[in-house]
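Residue numbers (numbering that gives the first Met the number 0), protein chains in the order written: chain R, 0 to 73; chain E, 0 to 197.
Bear in mind the hints are in silico, worked out from the structure with no lab data behind them. It is possible that some hints are incorrect.
[Said to hold, decoys possible] Which chain E residues stay away from chain R? Per the calculated CB distances, all over 12 Å, these:
no., residue
1, Leu75
2, Gly108
3, Lys162
4, Phe182
[Claimed, not checked] Cβ pair distances, simulated, as ranges:
no., chain 1, residue 1, chain 2, residue 2, range
5, R, Pro37, E, Glu120, 45 to 55 Å
6, E, Thr52, R, Pro58, 23 to 33 Å
7, R, Val9, E, Ala157, 16 to 26 Å
8, R, Leu55, E, Thr52, 53 to 63 Å
9, E, Val82, R, Arg31, 36 to 46 Å
Just so it is clear, CB atoms sit at the ideal spot from N, CA and C, and this is done for glycine as well.
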Amino acid sequence: MASRTRGRPVLGGICGFFLGLFVSISLTVYARVPLNSPLYIALVAAGLVVGILLGLVGPFGRHRGGAHAPRRGA
Amino acid sequence: MRGVLAKVLTTLCIAAGGIALASGSAAADVISPPGACTASGHFIHAGFTKKSTAYVSSDVIVVPQKDDVRWVGHELGKPIGYVGPKRPINGAIQIELPGSFGVSIWHWGSEKSPRYSNQGEESYSLPSILVGVRLKLSGFEEDNGKTICSGSVYVQVAGSRLKNPLGWVGLGGSVLFLAGLVFAGFRKVRPAYDDINP
């Protein structure tokens with residue numbers, strides 16, 4: 000059997016943080032959100048939290064069997 | 000770099016018709032209390048004049064990316080050239096950032112100033128990364144430690160958003176880090192002991 004670990008929470012946190020930051024930059028230019036808007040802080044914080052959670056849960060990829068699943072080739 | 004940015008944003012502020020200029024301008028509906036200070040800016044190449052009394056704080060003043068501006072500011076309606084009792088003055092213009100954080104881009108003050116009005120002419124040329132960006136500028140003027148007027152207004156640089164390189168950086172970074180986020184959400188699979196040693 001294979002012991003399953005979750006995703007990558009550290010990488011998720013970093014990517015989520017920067018995703019929030021770059022989305023904020025895009026909104027500043029294309030959506031004309033004022034530079035003093037609290038939306039930016041919310042986006043960066045949300046990106047960080049979502050990224051960490053995504054890394055902890057690891058919802059993507061193949062699901063392996065549990066402890067009692069038959070071994071491959073068995 | 001900060002000095003250059005401060006100069007650029009200061010000229011931008013002047014270009015916007017001024018909220019609070021050298022000897023303390025700012026104005027009517029844009030300013031509290033209304034009429035305590037007034038300001039105007041004439042954009043020489045664009046050929047229009049912006050007056051602080053024509054706007055409210057929620058308005059967005061669109062200014063050209065490059066121009067020469069002739070500005071005038073009055074405190075308590077005093078005309079240009081008026082000289083009154085000397086008093087300590089203090090004032091500043093800030094750009095407001097997320098989290099109610101303000102960066103002072105221009106500050107003025109004097110221990111004994113007899114002037115109650117001022118005027119001048121400034122040239123400015125703003126970088127393309129500011130095209131389309133909406134900034135909130137706020138300013139105040141103090142006489143004898145008492146706030147005479149304060150106010151704020153939004154300023155936006157005219158031009159196509161597609162010409163702003165910051166927008167492309169934002170889009171590219173968003174795509175890149177979204178891919179990283181998805182990757183971080185994939186499960187890691189490690190072989191167990193009995194997989195290695197059947």
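Cross-check of the supplied hints:
no.	hint	in the structure
1	Leu75	holds, 29 Å
2	Gly108	holds, 25 Å
3	Lys162	violated, 10 Å
4	Phe182	violated, 7 Å
5	R:Pro37 with E:Glu120: 45 to 55 Å	violated, 37 Å
6	E:Thr52 with R:Pro58: 23 to 33 Å	violated, 57 Å
7	R:Val9 with E:Ala157: 16 to 26 Å	violated, 43 Å
8	R:Leu55 with E:Thr52: 53 to 63 Å	holds, 56 Å
9	E:Val82 with R:Arg31: 36 to 46 Å	holds, 43 Å
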